[in-house]
Structure formats: C-alpha cells, structure tokens
Amino acid sequence: MKTKAIALAVAGILSTPNLYAAEPSNQELLDILKKQQSQIEALQEQLKKTDEKVKESDQKIESSVTAIEENLGTSSTKMPSIGGYGELHYNNIEDSESIDFHRFVLYFGHEFTDSIRFFSELELEHSLAGDGKPGEVELEQAYIEMDLSDTSKLKAGLFLVPVGILNETHEPPTFYGVERNPVEKNIIPATWWEAGAGFNTQLNDGLSLDLAIHSGLSVPTDGSKSFLIRSGRQKVASADADSLAYTARIKYTAVPGLELAASYQVQSDVTQGAFGADANLITAHAAYNSGHFGLRALYASWSIDGLEAEAVGRDTQEGFYVEPSYRINESFGLFARYNAWDNNAGDSDETEKRQTNIGLNYWPHEDVVFKLDVENRTGAQDGSGFNLGVGYQF
Amino acid sequence: MLNNVNLIISINVRRFLVMCVLLFNAQPVFAKVYLSADTFVEQVVQLTNEPIHFKSNTLWLNQAIQSEIKTILDHPYAKLRLRYKISQSQQSPTTIWFLDEIGKERPISFAVAVKNQQIIQIKVLEFRESRGYEIHIPAFSQQFDNIGVDENGKLNKNIDGITGATMSVNAMKKISRVALLLHEIVVKK
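Protein chains in written order, with this note's numbering: chain A, 1 to 394; chain B, 1 to 189.
It is possible that part of the hints are untrue.
To be verified - Simulated pairs of lysine-lysine, BS3-like, Cα-Cα distance not exceeding 27 Å:
1. B:Lys188 x A:Lys60
2. A:Lys133 x A:Lys185
3. A:Lys55 x B:Lys55
These are calculated hints, taken from the structure and not from any lab test.
Based on the sequences and whatever the hints tell you, model everything.
Encoded structure:
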C-alpha cells in the first residue's frame with residue numbers, strides 16, 4: 001500500500017512540465033563553475049598550508065627528539081660519574097673467627113672535555129675509622145688524565161702503580177677467592193698507590209707501555225717490620241718525597257683471553273734518606289682464559305741494596321702464585337690457588353710462607369659475587385680454615 | 001751499579017718530561033675512531049658475496065622494546081629511536097645497527113650486522129674508555145661471528161674475555177644481544 005503511494009508520487013513529479021523549465025542557463029552554469037573553481041583554489045591553499053604545518057611539525061618533532069636524545073646521552077657522559085665496589089668477609093682460620101666489611105669504595109669521576117677527565121677512588125677499610133679503630137679512610141686514586149693522541153695519554157695525581165694483576169683491577173667480582181692473594185699483598189704490595197705522573201701508550205694493537213715517575217716507599221728501618229715492603233707504603237699522606245721511584249710496564253693483550261705483562265721498578269731509596277737503600281722490583285704475570293678454563297700466574301721479586309736490609313734478611317723478598325680455574329657456567333666458577341712468598345728470602349732460615357686456597361665463586365649477576373674458599377697455611381705459618389664473602393661493583 | 005742506573009734514569013726522566021711538555025702542546029683528540037659507519041656497511045656488502053642494497057629505516061623504541069632492551073642492558077637505551085639499515089633485495093634481510101653502550105664510564109660505539117638471527121660482523125667504531133681497547137682487535141671481535149642467542153636469550157657461544165677489561169667485554173656482549181633482538185623485531189614486522 002505504502003509502495004504504491006510512493007510510485008504514484010514519483011510518477012506525478014516526473015510528468016510535471018515545470019521540471020524542464022528549472023534547467024540552469026549557461027550563465028548560471030558558468031557561475032557555478034566559477035564558484036567551484038574558487039572553492040578548489042581555497043582548498044588547495046588550505047592543503048598547502050597544512051603541508052607546511054606538517055613539515056613544521058616534523059621539524060619541531062625532529063628537533064625535540066634530537067634535544068631529548070642529546071640530553072639522554074649527556075646525562076651519562078658529561079655529568080660526574082659515580083661507581084664503587086665493596087666486600088664483606090667472614091674468616092674462620094684455626095678457630096679464630098672474624099667478620100669484617102673489609103672494603104667500602106666509592107668512585108667519583110668527571111669528564112671536563114672529551115680528552116680531559118678526573119677519576120678518584122675513596123675507600124673506607126674495615127668499616128670504622130678513627131683513633132683506636134680498626135679501619136682507615138683512604139684516598140686511593142685521584143688523578144687527572146689527558147689524552148695526548150688517540151693512542152697515548154698522561155695522568156697526574158695519585159694513582160695505582162702499574163704492577164701485578166690485582167693492583168689496578170681488584171673489584172671483587174673480577175677475581176677468585178674471598179681475600180686477595182697474599183703474594184701481591186705482601187710482596188708487590190697491593191693495593192699500592194703513589195703520587196706522580198704516568199704515561200701510557202699503545203705501541204701496537206695489543207701491546208702497550210706504561211711509564212711512571214712517582215713517590216717512593218719508606219720502609220721502617222728498625223723493629224720487626226724493618227725493610228718490610230708492605231710497611232713502606234706511605235699512602236701519599238704527607239709523604240716523604242726525598243727519593244722518587246720509576247716504574248715501567250709492558251703489556252701484551254693481542255690474543256683473546258691472554259694477558260702477559262712485566263713491570264720493572266727502581267726505588268732510588270726505600271728508606272727515604274735514612275740509609276740510602278736502592279731497590280728494584282721485578283714482576284711478571286700471565287692471565288689466560290679460554291672457554292671454561294682460566295689460569296693466572298704471577299712472580300714478583302724485590303732486591304734491596306745495603307747492609308742494613310741484608311742484616312735482617314730482607315734484601316730479597318719474593319713470591320709467586322698459580323691459580324687455575326674452571327668456569328662451570330655464567331653463574332659458577334671453581335678455582336685453586338697455590339701461593340708461596342718470603343719477605344725474608346735473603347736469610348738462610350726457612351721463612352717461606354705457603355698457602356693453598358680452593359673454592360667457589362657464585363655470580364647471581366655479573367656485578368655481584370658470593371665466595372667460599374677453604375684455606376691451608378704451611379711453611380713459616382700454620383693454620384687452616386675457610387672464608388666466606390660477598391662482593392659487588394657498580 | 002745502581003748509581004749508574006740512577007744516572008741513566010735521571011737523563012731519561014728529563015727526556016720524558018720534555019716529551020710530556022711537547023705532547024701537552026699537541027692538539028687534543030677525542031675518541032679513538034677505528035672505523036666509519038659507511039666503511040662498516042661496505043665491509044658487510046663485501047662479506048655477503050651478493051648484490052645487496054641497504055635502505056635506511058627508523059625504529060621507534062616504544063615501551064615494549066625498551067623493556068626488552070632493559071632486560072639485556074640493565075637500563076633502557078638512551079635514545080627514542082634508532083636508525084638502522086636493512087637490505088632490500090635479500091629474501092632473508094640483513095640489518096645493520098649502530099649502537100652505543102658504556103663499558104665502565106664512557107660510551108663505546110659499535111656497529112653490528114645481523115642476518116638469519118646470527119651476527120655477521122661486529123666492530124668497534126669508536127672507543128672512549130681508558131681500559132679495554134683490545135675489544136676492537138679482530139682476533140677478539142671475530143669471536144662474535146655467526147653467534148646467536150639460546151632459548152634464554154644469552155649468547156650461544158663462549159667469548160674469551162680480556163683481563164682487566166671485563167666491563168668493555170660485557171658491553172660488547174650485551175650490544176650483540178640487543179642487535180639480535182632488534183633484528184628479530186624489524187624482520188618480523
């Protein structure tokens with residue numbers, strides 16, 4: 001019914017003669033075209049403006065992103081940097097038990113320009129420092145380093161002496177064993193820092209040379225510690241600078257996993273004017289990691305001139321260690337270390353100390369380590385026991 | 001004997017100091033630049049032994065991608081987007097990534113080429129750290145050739161490290177994993 005009504009209405013409209021009379025004239029068509037043309041032009045103009053705005057927006061976004069990215073990059077390189085490491089030790093040797101937050105270290109660095117930078121290391125040893133307290137607050141590094149060329153640099157200030165394996169790299173996750181090895185501790189003596197100037201250059205890919213002029217040791221000249229190398233560290237604390245020392249090191253690292261290095265040091269007088277005791281240190285080491293296996297070996301020897309050092313048998317002080325290891329996976333590693341050293345090697349007595357450590361490192365993260373080792377002391381020292389430790393770096 | 005040694009050293013010390021003064025007057029230089037990005041691309045083209053043309057693309061590092069990167073680097077990547085190169089003609093595309101990561105204190109610039117979820121080549125473009133420059137030596141960086149990741153997202157081959165440069169080595173290992181991740185993301189697109 002409805003459909004029929006619509007059909008009749010349409011038919012009525014179509015049959016109306018006035019429909020043809022509404023057809024526009026040429027002038028009207030021309031006006032319509034003109035109007036449409038102006039609309040098209042307006043739209044084109046609008047499109048052009050939109051394009052320009054889009055380009056402008058793109059440029060603004062590009063500038064903003066670039067600025068943000070530059071800031072993101074700057075925040076990590078141009079601002080002062082902070083890092084550090086620490087280690088807590090539990091020692092149980094011959095029923096003597098102790099627990100000690102051995103080292104709490106903070107690094108502060110700053111990059112003045114791309115070629116001039118500052119680096120420092122501040123350490124609190126044994127948790128508590130002060131009169132009658134077991135610990136010390138020590139400034140172990142504070143130097144300015146300047147690139148001289150793309151292969152050479154110079155540093156001036158207070159820095160770690162370029163000798164041995166652990167003296168410059170001793171963050172707990174980087175080595176096996178709760179305590180640092182006794183050979184580098186008692187012979188080299190690590191950790192050892194002095195004030196002066198150091199020059200480093202890469203002679204070739206994987207071959208580098210270090211030269212340094214720095215303050216020297218000042219060993220005690222009487223008592224039980226006379227001429228004991230480790231007791232000669234002045235730690236650049238209002239230190240006597242009467243007699244300087246000179247260190248050279250050559251290091252070869254061209255083969256992946258391998259480091260070979262040798263250092264030679266001359267001390268013009270380890271008594272700083274008391275006896276005129278010239279001394280020199282020779283160290284050589286190898287560190288090799290291939291697959292799961294690792295091996296570290298080091299030899300160090302002091303030779304001190306003078307009758308005074310000879311009289312107490314300390315004109316020669318030397319030691320070595322060998323440390324094979326096996327990295328089970330990313331998280332676990334096993335090691336064994338045999339150490340032998342003698343701070344009285346110049347006499348005929350049996351004064352050599354020997355120590356064996358066997359243990360395990362567990363890294364839950366590459367910068368966090370838990371350590372366990374058993375220790376056996378022989379030779380001129382006795383005792384056995386075990387050590388536990390936790391360490392970190394950041 | 002030692003007096004002679006001291007005399008020699010004294011002379012050498014003077015020479016050393018003169019050398020230092022001369023060197024201080026030298027023009028300061030910045031990062032050690034081992035390779036340009038363009039040269040790296042040319043090397044990759046030569047390695048593939050087939051006609052290859054790269055086009056440049058941009059990958060915006062959205063939250064999901066940054067989150068995955070963070071699981072590798074322990075921090076988000078300090079960019080909002082990455083410009084990379086992708087081969088056009090190959091059935092299995094090659095991608096090239098230019099990525100920075102801090103070793104101990106300063107950023108190291110790497111270039112990494114990836115194909116079939118394996119690294120074709122990784123090179124150090126610029127090195128700014130004070131230790132660990134040895135990672136640029138081919139004998140070291142070639143250890144990463146044809147390396148991929150295992151089911152845990154870790155590199156599937158052992159890398160022999162460098163004593164005293166653990167952090168630079170770790171930076172290179174992490175960047176390899178990031179490049180493999182980004183390759184997978186853009187190839188799956």
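- Task: Compare the distance between the alpha carbons of Lys188 (chain B) and Lys60 (chain A) with 27 Å, and conclude whether the hinted pair is satisfied.
- Result: violated, 31 Å
- Query: Does Lys133 (chain A) pair with Lys185 (chain A) here, judged by a C-alpha cut-off of 27 Å?
  - Reply: Holds. Lys133 (chain A) to Lys185 (chain A) sits at ~22 Å (cutoff 27 Å).
- Message: For Lys55 (chain A) and Lys55 (chain B), compute the direct alpha-carbon distance and say whether it is at most 27 Å.
- Response: holds, 22 Å
Checked against the numbered hints listed earlier, the structure breaks hint 1 alone; every other hint is satisfied.
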